[in-house]
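Residue numbers (the numbering used here), protein chains in the order written: chain A, 116 to 928; chain B, 529 to 754; chain C, 65 to 263; chain D, 203 to 526.
Please note: incorrect hints may appear among the correct ones.
With a straight-line cut-off of 20 angstroms between C-alpha atoms, the simulated DMTMM-like cross-links for lysine to aspartate or glutamate are [unchecked claim]:
| id | chain 1 | residue 1 | chain 2 | residue 2 |
| --- | --- | --- | --- | --- |
| 1 | B | 739 | D | 271 |
| 2 | A | 386 | A | 425 |
| 3 | B | 739 | D | 506 |
| 4 | D | 371 | D | 350 |
| 5 | A | 292 | D | 308 |
| 6 | A | 870 | A | 277 |
| 7 | A | 710 | A | 691 |
| 8 | C | 132 | D | 301 |
| 9 | A | 770 | A | 173 |
| 10 | A | 481 | C | 219 |
| 11 | B | 739 | D | 451 |
| 12 | A | 406 | A | 230 |
| 13 | A | 860 | D | 301 |
| 14 | C | 218 | A | 435 |
| 15 | A | 888 | A | 376 |
| 16 | C | 218 | A | 429 |
| 17 | C | 218 | A | 376 |
| 18 | A | 624 | A | 666 |
| 19 | D | 423 | A | 498 |
The set of hints was computed from the structure by calculation and includes no laboratory data.
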Amino acid sequence: MTNAWTDIKNTDLVVVMGGNAAEAHPCGFKWVTEAKAHRGARLIVVDPRYTRTASVADFYAPIRQGTDIAFLLGLIRWCMENDKVQWEYTKAFTNASYIVKDGFGYQDGLFTGYDEEKRDYDRSSWDYVIGEDGYAVTDPTLQHPRCVWNLLKQHVNFYTPEMVERICGTPKEKFLKVAQMIGECSSPTRTMTSMYALGWTQHSHGAQNIRAMAMLQLILGNIGVRGGGMNALRGHSNIQGLTDLGLMSHLLTGYLNMPTEQEADFETYMKSRQFKPLRPGQTSYWQNYRKFMVSFQKAMWGDAATAENDWAYDYLSKLDVPAYDVLRMFELMNAGRVNGYICQGFNPVLAFPNRGKITAGLSKLKFLVTMDPLETETARFWENHGEFNDVDTRAIQTEVFQLPTTCFAEEEGSLTNSGRWLQWHWAGGSPPGEAQHDTWIMAQIFLRMRELYRKEGGAFPDPILNLSWEYHDPNEPEPEELAKEINGRALRDLTDPSDPAKVLVPAGKQVVNFSQLRDDGSTMCGCWIYSGCFNEAGNNMARRDNHDPDETGAYLGWTFAWPLNRRTLYNRASADLQGRPWDPSRKLLEWDGTKWTGYDVPDIAPNAKPGEVGPFIMNQEGVSRLFSRGMMRDGPFPAHMEPFESPVPNVLNPKMRGNPVARIFESDVAQFGTSEEFPYAATSYRLTEHFHYWTKHNRVNASLQPEFFVEISEELAAEKGITLGGWVRVWSKRGSVKAKAVVTKRIRPLRCDGKVVHVIGIPLHWGFVGAAKKGFGPNSLSPFVGEANIETPGYKAFLVNIEPSTPPAGVVA
Amino acid sequence: MPRYAQPGDEVHPGHPVTVSRYGPLARLNHWITALSLILLALSGLAMFHPSLFFLSDLFGGGQNTRAFHPWIGVVLFASFFVFFFQLWRANLPERTDVVWLSRIRDVVAGNEESLPELGKYNAGQKFIFWSMAFLILVLIGTGIVIWDRYFETATTIETQRVAVLVHSIAAVLIICIFILHVYAAIWTRGTLRAMTRGTVTGGWAWRHHRKWLRELAGQRKTKPAK
Amino acid sequence: MNIQVSRRGLLKGAGAAAAGTSLAAMGFGEAEAAVAAHVRPMKLANTTETRNTCPYCSVACGVIIYAKGDLRKGERADIIHIEGDADHPTNLGTLCPKGAALKDFVHAPTRLQYPMVRRPGSDKFERISWDAALDRIARLMKDDRDANFLARNKDGTPVNRWTTTGMLAASATTNETAWATFKVAKALGIVGFDNQARV
Amino acid sequence: MNDSPRTAVSNPPTQSMISNLGPGDLVRRSATESLPPPERQLTPVAKLIDVSKCIGCKACQSACVEWNDTTPAIGENVGVYTNPHDLTENMFTLMRFTEWVNPETDSLEWLIRKDGCMHCADPGCLKACPAPGAIVQYTNGIVDFIHENCIGCGYCVKGCPFNIPRISKADHRSYKCTLCSDRVAVGQGPACAKACPTQAIVFGTKEDMKAHAAGRIEDLKSRGYSNAGLYDPPGVGGTHVMYVLHHADKPHIYAGLPDDPRISPIVQTWKGLTKYVGLAAMGLLAAGSVVHGLFARPNRVAPEDEAHAEQLVESPPGGSRETA
């Protein structure tokens, strides 16, 4: 989220698309109802289903899953056509005026440089014209035919309201009603917020869904302002934290990247990370990359990381592929190239697509370790549960360890919420039985392995032997010790560059925040963006001052938000070129002539003059990007792409299937179904009564939503002779499930490209362990394909078939 | 074929003459029914009016009262209808009943001489007999409808509301009938022994049920000697 | 001891006594035998409060854990209730149907209590001690790493990849746990390292 | 002692507190003729359920189960979102879902109503209850069941105009929403109101709640719900659980919410006329018999009756005996 949950109360219009906030985030959705009740805000829901969010919406428009880009580009086109643009903002704060290279173009649904063999683009032409001065060439008048604005206008021209109706199945008048409501927010004094979640990310073109809305928000001037922003509603309590901390194949902490094979040494690695400003006088904050990287290496390997050994750069793994993401790992597992797997609080058997492939993969492992407070289907993947898990137990040779961990109530530490707040919590109960903290378990595994390497030696032991593990009790690092490490401290006295006599931070003391980090090895910091969370002032994540001056929703005294306790990202953009708030009634920051003041921590140097330094300091341009250059694999502009399994062909290019650059493994191609075989468009989602596969263990939630079901329209039910509450079988090219049928008016057939499209909804909360009735998950059906840029599995749009059925064996009808 | 006499009815000469009116089975039946009715009245009244709730303590509290009442009802029903099939013939109405009723003042005043000669039962007794039968049917019927433990979901709440109203009205009526019955039995001296010893005196029979006595006497004469 | 409990207890006693005597007296009790009006005793009286946050979605609502016993005093703490923290700016004390039932998640019958192992081909889990389990896991991991670790690629560039053992990190662990986990996984050279960000 | 709370959302106390609701606060008590007048008048409280703000998340159900320590059964899916399928002795409140197509706009509206005890000012359950003190009404409007006094007869079910109470098959006592009287008694709001994510459920003094409702109704009218209104049915003297409805002109579309609820006339007759007339009839008859017994001379068998009988049995003498 660019803004905080509590900031949503400041909005005038909430657009929930690609998500279902009321269902999945009820208490966050509270702030939508607050905005409605106290600001008269309106709520729009665009979704294939009439959701719980829609039940309290002012306007609902249906859409076929997977076609959001067409809808959003249609909106951008409508705003351009009807002069619903926040011009001053767009001109000053976006790259609308930047001139693009001549080579760049787009036709038949493809951008220039496509290589069908590699399923990849040559992106060299997707860039600005760079002048002799080394800066990007711009045309502030937006007259130049090759400026981003005009190229965008040309690009979106295709998406007329008629075309939107043809692709998305959204009736033209409903689309126009949405467009009008949204268009009003181009006024500097009206803001709109976008609340989305996995309804946008879980597509082969997920990142482009989000970009399309971000672009719309930018031309409406809604980024960086109160009640605006792009608000990604993260699904798990600390998934924001785990991503910030880089617990991913291709990441290090704070969005530093893992090196690749091409980056053989530290200098080569740093060379591609200069981040030189593209416009005069701009701040390009990533220029501090080296400081963060060196401090990170010092946090990892302490004294073993020296200038001489390039800060132990060799200790880091170097990737030969973009990432060893989960889909790739399970592909390798099936190929027999993975022997061991550790699942910490994770349930792949229900979480990852094409369950058959997941189970087959786990069955090929030599050993599997699960760490979890609860039973999981993964820990028992080898156990036969009839139709619910029909495996040949004897044949599975995997050795499985099930380690009991504590849960939230029994442990202390911080979680990072969707609004980037790091909130500390305390243990309130004693763990059951022999359950242990994850920190203890990880320490035990590490200490045992380190001991083995000390005794026996082995493959490259250095990174293990030298890993900094300076804890009061090495067997179980304390949360506060770890938090201090994440914040970072001075390893030597840090002196003022301008006055060497002046010690800013004495050796051994916590740094105030990342602005004090150095690239000479004199500082260490586990995760630079978190720096400031636990400094000499104490544990800022544990702060509990809930005062909110002038009720802006900022709550600066409550816990700690990264970066630097900033609550709204890009907040400098809330003020115009003179530094005056666009909307005086919703002031966030203001230039007082010498510095930025206001309700939030400025997202810019406090003394950076308005009109000189752009608000988007993490970009080399200093402005935001309507045209993203070569930064995304599938295009500098979003463009309509059908799902890999789609009921209708892509109107732009019937030959094109899914995202042209999305990675597909050979073995999976054969498992894509066609609309002839599988006529119905399926989508998967959460229900508010449950959280993933956890709450089915809880009798209360189990009683509120006891049994697996699928949702279909009354029309489809009639067509197929399916009765309310009757059993149905739903199957795809990859698998088959049995479910109860919820026949509802909330799903209605759509008409797309002259064809009637029936939508089938499949919630995801059931499995074969727990208190609720045994059931299946949509992952038995969904395809094994990832998003082109980040490999998020596509759960939201795939094809299935359905028929009336009998209960699964052993279940009484 | 006797008109009034029932199996077991017989006169025994002597001073005074005695007449068997009820056999042991009939008497047992009567008393089970009577006891059930009393218990039902007590438990029912406890749930009928707050001022009578204290009666529930006789059954060990409200919960027991609620639990026992319907079961006692079942016993009453069974017992009464065994009784019923022994007596219903003798309670069939006849012309003299009308005459008897038309002289109800004399009945209350006890001027039997101005009343017609009667069979085994007078109209009053017959009225009690039939209304008991009817009310018990109504009570068991409505009682089952409001017997939540087993039949809670069998009927709609609206039906149950009607049932509970009818049940209480029927209960009031049956208690009134019961009072009449008991009082009449006491006021008409010499009656109680019919249900205790099973016999009445000839005089009693002569005074209250002369036709019945005549018939029995006649039977005796025509009967072959032992 | 909650005042109400005792008051209620007294009334019950009194009620029973009244019934007793009157019954003895004339075989009848009295309506007064009924327990006087009272509300349920406040069940949170004398419990320990602990501030925590909901472990489910990313709204991270503030919750208060009410327990019998106080961990801070080194006592065993049994959680008897969890409800929203009205002081929390985001949820203002409210909770969703999942958060409102957190107590039953903590006390779920399927909460794991002991380390278990399932031997190859076996159809059941067996108890195993922590030490035995951890020693075995460390051994399996080291053997696999030593056998399959790729120190340098064919061009001789150090790449330090261990691709034959992967790890998935939990989405509900604390940042502190995540950092410890990160350190171990990256130091071991596990590249098949991922989390729930995508699902 | 503290008066009724003004809010649903504050953190409950953990120190022992004296209850704010005791025998002295009763305004009605089931099957009790002479109830001493309450010692004081507490400010009437109310729970306001704004159906237009409700997202049907069931947090209220969850919070209710947790607070009241009930154990609803894990049922099955029968094709609807309403789970459990009805109120039970273990589920005091229930989200009832209705998919309603508005005939005027032809657009779908998902009507979600939180069902549960309405805490009527004139409670039918209390009127019907035969067990002294099993159902009580406090001066702040809360209608509560005192389970120790409940005899499990089910009369409350028949008395309730909203079909709320449920009799436990386990302990044969009647259960329903208590409006969290135990929380209110220490100055807290009900568990459901505290949990409600969108604050569609709010709690406070009835006066405040009516004012709050007025504001909500205004907002709804501005969004085109011209018939938005407050549901506080006069037929039962008003309720201490009220709804804001977008279609207050037709409450029945919300899963059969009664348009004009009142205590059934049948129940009125049963608990009114029948009770008194019946008692009188039985009393009079009994008394009458006694009087008649005392003053009218009993109907005695006279000696001549016996003589007649003997004569009848003996005569004609001899003959027949000889032939015997």
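In rising order, the numbers of the hints this structure does not comply with:
Of the numbered hints given earlier, those the structure breaks are 1, 8, 9, 10, 11, 12, 15, 18, 19, listed in rising order.
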